[in-house]
Amino acid sequence: MGITRRQFFGWMGAAVGSQAAFASQAKAAATNHFTGHPGSFGVLHDISRCIGCRKCEAACNQVNKLPAPEIPFDDRAVLGQIRRPRAEAYTVVNQFKPKNKPAAVFVKTQCNHCLEPACVSACFVKALTKSKTGAVVYDASLCVGCRYCMIACPFDIPAYEYDNPFTPEITKCTLCQPRIEKNQRPGCVDACPQEALTFGAREDLIKIAGQRIDKYPDRYEKHIYGEHEMGGCNWLYIANAPFTDLNMREDLGITPAPALTSGALAAVPVVVSLWVVFINGLRAISKRKEQIAEEEKIQAVNAAVETEKGRFNLEIKQIKEKARTEKEAAVEKEVKKALEAAAQTLNEIKPAQTTEPVKNAETLLPEKQENT
Amino acid sequence: MEHPAPAPPASAIRQNTVFTPFNIISGTIIIIGCVLTVLRFTKGIGAMTNLNDTNPWGIWIGFDLLCGVALAAGGYVTCAACYIFGFKHFRCAVRPAVLTAFLGYGLVVFALSYDVGRPWRLPYPIFLSQGTSSILFEVALCVFLYLNVLMLEFSPAAFEWLNWKYARYIIGKVSMVLVIFGIILSTLHQSSLGALFLLVPSKVHPLWLSGYLPVYFFISSIFAGMSMVIFEHSLVERFLHHKLDLEHEVESNNVAMGFAKSAAFLMMGYIMIQLIGIAMDNDWKYLFTRWGLWYLVEIVGFVGLPAILFAIGFREQNIKLIQMAAWWTVLGIVLNRLNISLIAFNWQLPLAQRYFPSWMEIMTTLFIVTIGVVAFKIIVTLMPVLYAHPDFPDDH
Amino acid sequence: MEADFNTLQEFMTHTKGIAYLLIGVALVALPLFWRFLTARDEKKQTF
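Protein chains in written order, with the numbering used here: chain A, -7 to 364; chain B, 569 to 964; chain C, 5 to 51.
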């Protein structure tokens, strides 16, 4: 999203007294399309020109002050085996014998300085960073040695100093960042006798590559490797043999590495916020259910108690009623008994006075006497 | 509730010696481990591992870190079951599970100090330079925070042992916050360990690689934790029986039943989402390759079958079946993590370029696991983990 | 916030950094709000 001078001044003019430019820039940002650092540098490797002399390896070793190798750089027998960059060798040249090709093909391998590097995305201490020059730069003062960058790199480039117990470092091509900053070219580019390596601005290199392919269509594969792979690299290749025959994978896709984990990372803050809500909520729900169960239990107990009480009271009432009626009946009975006893006694006392037995004891009462 | 003081171990009465088989074996491993530690920090990683530039991660990451974290998941799962979902009778399972998790994560960090090039710089990503675009940053932050949470979650047992009543009271007040924070952190880092591999789709076999990897890791961590709780209890029952009080002994069977039921269902759901992952990427054709066979061995043989065993065990209320299903599931989790990080990783490379662990790597791993087992045994013997402290009966 | 991002990497580092800070905010603010919400409920059991 580079702003050219022309745009800037244009907007400055338009911005006076108007919000329109501001709004349009914000709208542009919303589409999230990134085109890399403008004017960043790269290297074009023309595989068809490489002769496998390994002078680039020697130059790299010298420029970076790496230890002298066991097998010297002018030994071409090593090309019999496929090698990969390792701790003391930031770059290697490999030999391939693709079918249908008369001669061997040589390929120089090193860090591709991707536009959106997987290693930079992977590094959890920002020890690897993508600079504006295009170089992917390693800061040994931050590196913890987790080696996730090595896992992440789809080209298997970063190497590690496994035999260094205290200060092991990740090693890889630096695009000779210190030399670039001094307006020099990377060591390997300078050393190449066949101009198989061209240094320049990435946009220019793509143009050059395209022109070469168009000019010699029978020579080159119609593909600039590194233009779109993994979102694009600052190191580009054109070849006179299929890339898959040269150990260069064509199934990596064009999605830039950071985009691969962007979704998973985006879920993190949402999970945190929603989990706080849901977990508290679940707990509150289960507590509330417990509470309701408790209340229902208490209610059920109370209801049972009430019913029991009611029944109990009813029973008491019934018993009381029964007791009362029984008492009344008993009293009546006693009264009746007493009256009968009295009548009996009267009958025994007064048999001469009257022939009629006193039937009704009540007649003995003084007011009611009807005797002569 | 009256808790009789735990009886002294029968072996101690009989022999009264330090040279029990357990001590001899673990002691030997620990001594060898110390030697290897010296080697690691004097000669470097290269001197003792088969790690190389193409295979930078070995069993120290694949097993110690990935399996360690997955199997320590019992802590948050048991806390969630007991305190969030309200299964109060799981209380007894909480402390052993939290202890396992605490030791597990502690040992993961310990293991990392062997694997990582400059372990003294492990605090850098959190305190010095935050690489926020990296999933590994999130893993590091979560593990760091969770280790602290676990330490605090375990502290009640330690405070009871030390009889620090005020400290015990204070920590009791914040325990709910810790449980919730612990569940959140666990969800994040369990899933993020899976997300690590999203960055390298070109190196993981399509049957294991899926956009759903974080979900797979999270869900499998739940039934991994449940299985570990059951498995661990079967070991405790066998070897540390005298430390269990009545409540623990009785309730643990209920815990096993409950977990067996949940795990069975979860595992079937997990198989379902694995199938969906294959469907979404249209990877069916890979099932008919040799890798496909291996994938089916993992999913059917080590997830499907134990799930059925859990189910049968629950239906028949058969503890033995459930315990068998538990360690089978644990093996399945180990297999899954090793598959994604080591076996199905770099699957396209020729055999000569593939990684196999060196005996010293294996020995170091064994050393680390042994430390965990020994620490567990010591702590469980001293502190009220498998029994309730008589002075703190209700707080357990 | 018109910071110019040339690469997705820069954009992500920036936005995810802010996201992590927001997580910190959420972990403090949400529980506090929960306490406000449930303050008048019956006293809860603590373990």
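These are computed hints drawn from the structure, not numbers from a lab.
The beta-carbon is built from N, C-alpha and C at its ideal position, and this holds for glycine as well.
Any given hint could be a false lead.
[Claimed, not checked] The calculated DSS-like cross-link candidates involving lysine-lysine, where the alpha carbons are at most 25 Å apart (straight line), are:
id	chain 1	residue 1	chain 2	residue 2
1	A	LYS289	B	LYS829
2	A	LYS301	A	LYS289
3	B	LYS829	A	LYS281
[To be verified] Simulated restraints on C-beta separations:
id	chain 1	residue 1	chain 2	residue 2	range
4	C	PHE37	B	ILE593	34 to 44 Å
5	B	THR857	A	THR27	54 to 64 Å
6	B	THR857	A	THR247	45 to 55 Å
7	A	GLU242	B	ILE593	48 to 58 Å
8	B	TRP915	C	LEU36	43 to 53 Å
9	B	THR857	C	PHE37	45 to 55 Å
10	A	GLU195	B	VAL868	32 to 42 Å
11	A	THR27	B	TRP688	19 to 29 Å
12	A	GLU242	B	ASP849	48 to 58 Å
13	A	THR236	C	LEU36	54 to 64 Å
14	A	ALA285	B	LYS741	20 to 30 Å
15	A	PRO234	B	TRP915	39 to 49 Å
16	B	ASN821	A	VAL293	55 to 65 Å
[What the hints assert, rightly or not] Now the stretches of chain A that chain C is said to cover, found in silico as 3 or more residues with beta-carbon under 8 Å:
id	stretch
17	102 to 109
18	296 to 309
Now the hints, each set against the structure:
For the hint pairing A:LYS289 with B:LYS829, the CA-to-CA distance comes to about 28 Å; that exceeds 25 Å, so the pair is violated. Between A:LYS301 and A:LYS289 the alpha-carbon distance is near 18 Å, which keeps this suggested pair within the 25 Å criterion. Using a Cα cut-off of 25 Å, the hinted pair B:LYS829 and A:LYS281 holds, with the two alpha carbons roughly 22 Å apart. The hinted window of 34 to 44 Å between C:PHE37 and B:ILE593 is violated, with their beta carbons roughly 54 Å apart.
Under the hint 54 to 64 Å, the C-beta atoms of B:THR857 and A:THR27, about 40 Å apart, miss the expected range. Between B:THR857 and A:THR247 the C-beta distance comes to about 25 Å, which lies outside the given range of 45 to 55 Å. Here the CB-CB span from A:GLU242 to B:ILE593 is close to 53 Å, well matched to the stated 48 to 58 Å. At about 49 Å, the CB distance of B:TRP915 to C:LEU36 agrees with the hint of 43 to 53 Å.
Separated by about 53 Å at the C-beta atoms, B:THR857 and C:PHE37 satisfy the suggested range of 45 to 55 Å. Judged by the Cβ atoms, the range 32 to 42 Å given for A:GLU195 and B:VAL868 is violated: they are separated by roughly 53 Å. In this structure the hint that A:THR27 and B:TRP688 lie 19 to 29 Å apart at CB is violated, the actual value being about 40 Å. The supplied range of 48 to 58 Å is broken by A:GLU242 and B:ASP849, whose beta-carbon atoms lie about 19 Å from each other.
Under the hint 54 to 64 Å, the C-beta atoms of A:THR236 and C:LEU36, about 59 Å apart, fit the expected range. The beta-carbon spacing between A:ALA285 and B:LYS741, approximately 26 Å, falls within the hinted interval of 20 to 30 Å. Distance hint check: the CB atoms of A:PRO234 and B:TRP915 are about 23 Å apart, inconsistent with the given range 39 to 49 Å. Take B:ASN821 and A:VAL293: their Cβ atoms lie about 31 Å apart, and the range 55 to 65 Å is violated.
Residue count for the stretch 102 to 109 of chain A with a Cβ under 8 Å from a Cβ of chain C: 3. That meets the three needed, and the coverage hint holds. Using a Cβ-Cβ cut-off of 8 Å, 0 residues of the stretch 296 to 309 of chain A lie near chain C, which falls short of the minimum of three, so the contact claim is violated.
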